[in-house]
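Using the sequences provided together with the hints, build the complete structure.
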Amino acid sequence: MTTLAGFQDNFAEALYDDAGSFSLARHAAFAIYRNTAMRACLDALEANYPAVVCLVGRDWFRAAAAVHVVQSPPRDARLFVYGDDFADFIEAFPPAAGLPYLADVARLDRLSLESLFAADVGVLRPDGLTGLDPDALGARRLPLHPATRLFAATTPAVTIWQASRAGVAVNDDLVWDAEFAVVTRTDLEVVVTPVSASALHLLEAIGAGASLADAALSTLAMHPDAPIDLNLASLLQVGAFAP
Amino acid sequence: MSLSPFAGIGFKPQHFDDAVRSAPTDLWLEVHPENYMVDGGPRLAMLDALADRFPLSLHGVSLSLAAAALPDAVQLQRLRRLIDRVQPGLVSEHLAWSSWAGRYVPDLLPFPRTHEALEHVVRNVMHTQERLGRQISLENPSHYLVLDGHDWSETDFLAELVRRSGCGLLLDINNVYVSAHNLRSDPLDYLDAFPLHAVTEIHLAGHAVDETDTTLLIDSHDAPIADPVWSLYRHVLSRGGARPTLIERDGEVPVFPVLLEERQRANALLTNEAVLA
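So the protein lines, in turn, are chains W and Z.
Just so you know, we're using the numbering used here here: the first sequence kicks off at 1 and counts up by one.
Just so you know, we're using the numbering used here here: the second sequence kicks off at 1001 and counts up by one.
For the record, the hints were derived by calculation from the structure and aren't laboratory data.
Every residue, glycine too, gets a C-beta built ideally from N, C-alpha and C.
A hint or two may mislead.
To be verified - For the chain Z half of the interface with chain W, some residues (derived, Cβ under 8 Å), not all of them:
#1 Met1037
#2 Ala1045
#3 Asp1048
#4 Ala1049
#5 Ala1067
#6 Trp1097
#7 Ala1101
#8 Pro1141
#9 Leu1145
#10 Asp1213
Claimed, not checked - Between beta-carbon pairs, the in silico distance windows are:
#11 W:Trp60 with Z:Asp1250: 35 to 41 Å
#12 W:Pro100 with Z:Arg1134: 42 to 48 Å
#13 Z:Asp1227 with W:Pro143: 57 to 63 Å
Stated by the list, open to error - Chain W is faced by these chain Z residues, among others (derived, beta-carbon under 7 Å):
#14 Gly1040
#15 Pro1042
#16 Arg1103
#17 Ala1193
Here it is, written out as structure tokens:
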């Protein structure tokens, strides 16, 4: 008689590999465990990557996801966070090579999910910085809200993601450019806001702990024409910062 | 809040508005705690709103208590935080395993009920109860496969587990029916050997015929509770007395009033059939 640990080793291995020698796995009923586990993983990935599903269709998605499940089975019992490396998988998945934006869309799905489940704290309101004198404003450091995420893609993935989530077709006149977005959560709803490269740079610098003055300088060094005031105002508007 | 000895319903997010607006005052709800193990956001807000209004039962699926390893410490911590947050009337888990060697299998997996396995399960349940600061109840699993090498019948295994760990039991009558069908045994024999004194909650659910092997029943929770399961429920009530009873539905979920009707049927039996405990 094998020990419990030995039994679990054999059983777990046979769930994702049907070529093994575990005798129980030869019973027809063993397929019930295999199918239940696989279905739960596929359902989770489907729920966690809705824009990708919309773009490639449910059948293609589940076929691709099944390959991912075998390569990268869940490690966390919270299946609503399963698939943190799914975008990387898509990027390297040969059948997806003709869809160069797909991995970026998956990344944006993922960031939305992270934002949805992030901690509850208040949001720094747009008027939260009014009344500060210029020196105090420049020296101010702003913590990002726990639900804030930054997104940058070399493809128009934000436009494609938005169309997909809205269930509408992407416009024919789509410009093939890099796109950037900020993901925030206000009133318990996740919002994806397209932003300029300079606004994203500013947010990244602030998020890294720079004072507003230093973040502005670093942004201007990369984007000399950046409208810093407008950028900061729009980031405050979408609730990117904690008080 | 403790649970009434009436019937409760497995909570589905699509029923939130109905539940909060129109649920009977003595209703309690059961949730899978794993779904609410988040730092914040709308899910947790929804759970808080439910906990304000209803007694809750937390029914876990992931502690993997029938494994040759202690349950995951982080997962136990998350569960403890939820317990402290919503003060559930009951906390339950399964006589099964699902985590092994760093992987999580989203299913409730079987094991040979050996003397060695009993030692592991007793240790895991006691460890869990200590970390959670409270008693938990374990649910009898559904079986599809005949396993070799059992030293214990399931009912004796559970009775011994109760005796040594002080845990309670969750009697899932649909699982009893499905397992007896699949293993070709008599569900009444099983129920008559079941340590009913330790039962803190009963589960009722629907099942389905397996698509590929039509000789097997699947514990699918995607159909109304079947008549033979209602009969077994009456049998249990007449022997063991009234217990909080859950109407479980996870697939093909109907509108809320349909679940309330099944709940009414259970409540009528709880009132009329149960022996006075």
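When the hints from earlier in the document are held up against this structure, which numbers fail?
Of the numbered hints given earlier, those the structure breaks are 3, 4, 8, 11, 12, 17, listed in rising order.
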